[in-house]
Amino acid sequence: AQKITQTQPGMFVQEKEAVTLDCTYDTSDPSYGLFWYKQPSSGEMIFLIYQGSYDQQNATEGRYSLNFQKARKSANLVISASQLGDSAMYFCAMRETLNSGGSNYKLTFGKGTLLTVNP
Amino acid sequence: KAGVTQTPRYLIKTRGQQVTLSCSPISGHRSVSWYQQTPGQGLQFLFEYFSETQRNKGNFPGRFSGRQFSNSRSEMNVSTLELGDSALYLCASSLEAGGITDTQYFGPGTRLTVL
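So the sequences go chain by chain: B and Y.
All residue numbers for the first sequence refer to the working numbering, where the first residue is 1 and numbers rise by one.
All residue numbers for the second sequence refer to the working numbering, where the first residue is 1 and numbers rise by one.
Fair warning: there could be bad hints in the mix.
[Stated by the list, open to error] Among chain Y residues calculated to face chain B with C-beta under 7 Å, some are: (1) G42; (2) L43; (3) N56; (4) L88; (5) I100; (6) T101; (7) T103; (8) Y105; (9) F106; (10) P108; (11) G109.
[Stated by the list, open to error] Derived SDA-like pairs: lysine to any residue, alpha-carbon spacing no greater than 20 Å straight-line: (12) K57/Y - F45/Y; (13) K111/B - F60/Y; (14) K57/Y - Q2/B; (15) K111/B - T27/B; (16) K106/B - P61/Y; (17) K3/B - T38/Y; (18) K106/B - T53/Y; (19) K111/B - R111/Y; (20) K111/B - G10/B; (21) K3/B - G99/Y; (22) K3/B - F45/Y; (23) K3/B - N56/Y; (24) K106/B - Q44/Y; (25) K106/B - G58/Y; (26) K3/B - D102/Y; (27) K3/B - Q37/Y; (28) K111/B - V19/B; (29) K3/B - Y25/B; (30) K106/B - R67/Y; (31) K111/B - Q44/Y.
[Stated by the list, open to error] Pair by pair, the computed Cβ-Cβ distance ranges are: (32) T27/B - Q41/Y: 14 to 22 Å; (33) T20/Y - Y64/B: 33 to 41 Å; (34) Y54/B - G3/Y: 24 to 32 Å; (35) K3/B - R67/Y: 22 to 30 Å; (36) G58/Y - G52/B: 17 to 25 Å.
These aren't lab readings, by the way, just hints derived from the structure by calculation.
Glycine residues also receive a C-beta, built at the ideal position from the N, C-alpha and C atoms.
So that you can see chain Y by itself, here it is in the shape it has in the complex (with noise of 0.2 Å):
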């Protein structure tokens, strides 16, 4: 079974821009979560989709702004990048959103970087 993909790989925007970061789940998989991780702040929590509708959102400005389509297909938008929004954005798929034993399995990631 294929594994969580994520497009692109690599992406250099310049301030003010705004960027599309794909995830496609496991298949099977209903639920998508998306990371941000920083060498300064670690692993943040951005958004979690289940049956296109986001169920958790962390603490991020409202740039950030992501979408699930009817085949568990996930989109996150950054709209007006700022530099210190270069980093590696994560997606992690699960088979369902809920309960403490709901493992996450995660993509490459999209290394972004903003000029």
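The following block holds chain B by itself, in its conformation from the complex (with noise of 0.2 Å):
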């Protein structure tokens, strides 16, 4: 089973409009990490934004906001007043043990989306 699934290949929003780009993951691990990256055409990943899975609050940096709905399992990204500078894949991350104990951690990504802000 795939540990992080983004089911949206392409999303399209009009530009200065919101968007949620959709994230659930899969995990029995009850201490894990939630990341947010974005990637231009450029190639290079730019990190935007982190959950906790003890985070009792939903984190939020600047335009961008996380859903996170922890029974659910899912950390949906909400972009607010989409730029054209926004057109970029975006992937989720889940950061998690590899072993009991916790000493050994592996970073595992979405397959992406690819989101294009219409003007």
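Given two chains presented individually in distinct reference frames, assemble the corresponding complex, making use of the accompanying hints.
Written as structure tokens, this is what we have:
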């Protein structure tokens, strides 16, 4: 089974509107971290936002917010007031322990969602 | 503060050759991870280094190897190149390996083409 599932291969949004990118994850570890990255066509992965499994509040970072629903194992990224420069691939990732005892960790990525912002 | 740098940015090799890619982490970061990104397989973890020691390794053949130096700079080597090794190789650094909050910051990548 996939650890990280991003069901939207592509999404379109009008400039200045909000958009939600979906991410569901699968883990039995109670302690994990969830990350979103943006990858423009240039290739560099840009860190956007982080949510820890024990965090009580949803993470926010400027125009980015994370809609974290732990029971549903979902961590959707919300981008408000979309800009043309937001057009890129967006990846959801999870960091979890590789072994009980928690000394080794691994970051696993989803397949990504290609967001296109239309003027 | 300077970001993660990777050299070279682009590389063209032929089958059977070997290649070495270099990564300089953000100043103060002690952990370096490497990923391979292809259209078919997506982002796949190669290995992670911390304090010159390989801490984790992904499911790649032994042709893929790496090392980390005392200044945290890292290199990865691919020997006996195959066509399927054509990919974007991304390096990421973090303050320290360990903990769910450890955020990885990525470099611009090295795009390797094997002919």
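The hints, checked one at a time:
no.: 1; hint: G42; result: holds (5 Å)
no.: 2; hint: L43; result: holds (4 Å)
no.: 3; hint: N56; result: holds (6 Å)
no.: 4; hint: L88; result: holds (6 Å)
no.: 5; hint: I100; result: holds (4 Å)
no.: 6; hint: T101; result: holds (6 Å)
no.: 7; hint: T103; result: holds (6 Å)
no.: 8; hint: Y105; result: holds (6 Å)
no.: 9; hint: F106; result: holds (4 Å)
no.: 10; hint: P108; result: holds (4 Å)
no.: 11; hint: G109; result: holds (5 Å)
no.: 12; hint: K57/Y - F45/Y; result: holds (8 Å)
no.: 13; hint: K111/B - F60/Y; result: holds (19 Å)
no.: 14; hint: K57/Y - Q2/B; result: holds (19 Å)
no.: 15; hint: K111/B - T27/B; result: holds (17 Å)
no.: 16; hint: K106/B - P61/Y; result: holds (18 Å)
no.: 17; hint: K3/B - T38/Y; result: holds (18 Å)
no.: 18; hint: K106/B - T53/Y; result: holds (16 Å)
no.: 19; hint: K111/B - R111/Y; result: holds (19 Å)
no.: 20; hint: K111/B - G10/B; result: holds (11 Å)
no.: 21; hint: K3/B - G99/Y; result: holds (18 Å)
no.: 22; hint: K3/B - F45/Y; result: holds (13 Å)
no.: 23; hint: K3/B - N56/Y; result: holds (18 Å)
no.: 24; hint: K106/B - Q44/Y; result: holds (11 Å)
no.: 25; hint: K106/B - G58/Y; result: holds (9 Å)
no.: 26; hint: K3/B - D102/Y; result: holds (19 Å)
no.: 27; hint: K3/B - Q37/Y; result: holds (17 Å)
no.: 28; hint: K111/B - V19/B; result: holds (18 Å)
no.: 29; hint: K3/B - Y25/B; result: holds (5 Å)
no.: 30; hint: K106/B - R67/Y; result: holds (18 Å)
no.: 31; hint: K111/B - Q44/Y; result: holds (10 Å)
no.: 32; hint: T27/B - Q41/Y: 14 to 22 Å; result: holds (21 Å)
no.: 33; hint: T20/Y - Y64/B: 33 to 41 Å; result: holds (36 Å)
no.: 34; hint: Y54/B - G3/Y: 24 to 32 Å; result: holds (29 Å)
no.: 35; hint: K3/B - R67/Y: 22 to 30 Å; result: holds (28 Å)
no.: 36; hint: G58/Y - G52/B: 17 to 25 Å; result: holds (24 Å)
When each numbered hint is compared with the structure, no violation occurs for any of them.
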